[in-house]
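**Student:** Sequence:
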Amino acid sequence: MAVKEKPPRGLLDNFSAPLWERLGLTGTRPQWIVKGQHRGYDWMAIELDHQPTGMVQSTYVTTTVFVVWLPRQSDDWYLPGSHITPDKQVCVDDTCVYAAALGQQPRVRTWIQWLDLAVDTAEEVISTEGMRRDESPEQKAERADDASWNTLDANLVLFCLVPMAVFSFLNAMMLWEAYGDWQRHGAVIRCHPTVPIGTYLQGWKAVAYTASLAAPMLIVLKAVYTSVTRIYRPDFFVDLFLEGLVWVGAMYAMHHAREALVASVSQACKAY
103 MAVKEKPPRG
113 LLDNFSAPLW
123 ERLGLTGTRP
133 QWIVKGQHRG
143 YDWMAIELDH
153 QPTGMVQSTY
163 VTTTVFVVWL
173 PRQSDDWYLP
183 GSHITPDKQV
193 CVDDTCVYAA
203 ALGQQPRVRT
213 WIQWLDLAVD
223 TAEEVISTEG
233 MRRDESPEQK
243 AERADDASWN
253 TLDANLVLFC
263 LVPMAVFSFL
273 NAMMLWEAYG
283 DWQRHGAVIR
293 CHPTVPIGTY
303 LQGWKAVAYT
313 ASLAAPMLIV
323 LKAVYTSVTR
333 IYRPDFFVDL
343 FLEGLVWVGA
353 MYAMHHAREA
363 LVASVSQACK
373 AY
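Counted the way this note's numbering counts, the sequence shown spans residues 103 to 374.
Treat the hints loosely; a few may be bogus.
Below, a list of computed lysine-lysine pairs in the DSSO-like style, where the Cα atoms sit at most 27 Å apart [to be verified]:
# : residue 1 : residue 2
1 : K108      : K137
2 : K190      : K106
3 : K106      : K137
4 : K190      : K137
Beta-carbon label-pair distances, calculated as ranges [what the hints assert, rightly or not]:
# : residue 1 : residue 2 : range
5 : R211      : L344      : 47 to 53 Å
6 : T128      : L344      : 21 to 27 Å
7 : Q215      : Y162      : 22 to 28 Å
Rather than coming from a laboratory, the hints here were simulated on the basis of the structure. No residue lacks a Cβ here, since even glycine has one placed at the ideal position from N, Cα and C.
My request is simple: use the sequences and hints to build the entire structure.
**Tutor:** Given below as structure tokens:
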């Protein structure tokens, strides 16, 4: 019967491209290991402590990773990135197959299911060895663009889109107010009850004012489209991060453009 063992020093360094690196886990430290054989394959279960993957970093969490050794080392082992999902994460490097559910420690009685999953994946990997050698350039490009779930992208979407949504709502309210002014008075009016002098924007200045409110919202729509179509794909982080920077720059520039428009027209406020 397999029993828990103390992990040897440098255990995690012995793997070339393990699951915990694919998921971007930090602060990894093995607590114990269990070794055995299943369906003719050597396997190891690693109880792995690591820092949480959410936006808030607090205490450590634990994930049990199941490792199955392939018959030999080969650069031809391949598994599509779609095997890494929010519920189960399975991947392969040049030596092993890895299977886990992030943040979970399955009960021992369910280990057989995880070992079956890892061994089934190993047999799939073995059966497709070398198939990538004959791929066309189009197939290679498509494979390189495979989606692969990770925690970083989901956190980035929240980090970028939440402030975008808040400021877009404020811009939409200001647009609605400007539209109401235009409907009633044929101009965008900025007057305050306690200040005798205000702003009365007409013609191209009114158009420029409303455009300065709408332009950043178009960038937000592009960011939403990128999040829906590109999340978990290569370069998604760079794409969304750059769009976020463009949005921040546009918001800053458009704010100062509106301030300049408002300052350019001053007249006595009437009882509008």
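**Student:** Indicate, hint by hint, whether the structure satisfies it.
**Tutor:** Verification of the hints:
Between the alpha carbons of K108 and K137 the distance comes to roughly 11 Å, so the proposed pair stays at or under 27 Å and holds. In summary, the hint linking K190 to K106 is supported, as the alpha carbons are separated by about 24 Å, within the 27 Å threshold. With a C-alpha separation of about 8 Å, the suggested pair K106 and K137 falls inside the 27 Å cut-off, and the hint holds. Between K190 and K137, the direct Cα distance comes to roughly 21 Å. Compliance with the 27 Å bound is thereby established for this hinted pair.
Taking 47 to 53 Å as the suggested C-beta distance range, the pair R211 and L344 conforms, at roughly 48 Å. Between T128 and L344 the beta carbons are some 24 Å apart, a value that agrees with the proposed interval 21 to 27 Å. Our hint of 22 to 28 Å for Q215 and Y162 holds, since their Cβ atoms are close to 26 Å apart.
The structure shown violates none of the earlier numbered hints.
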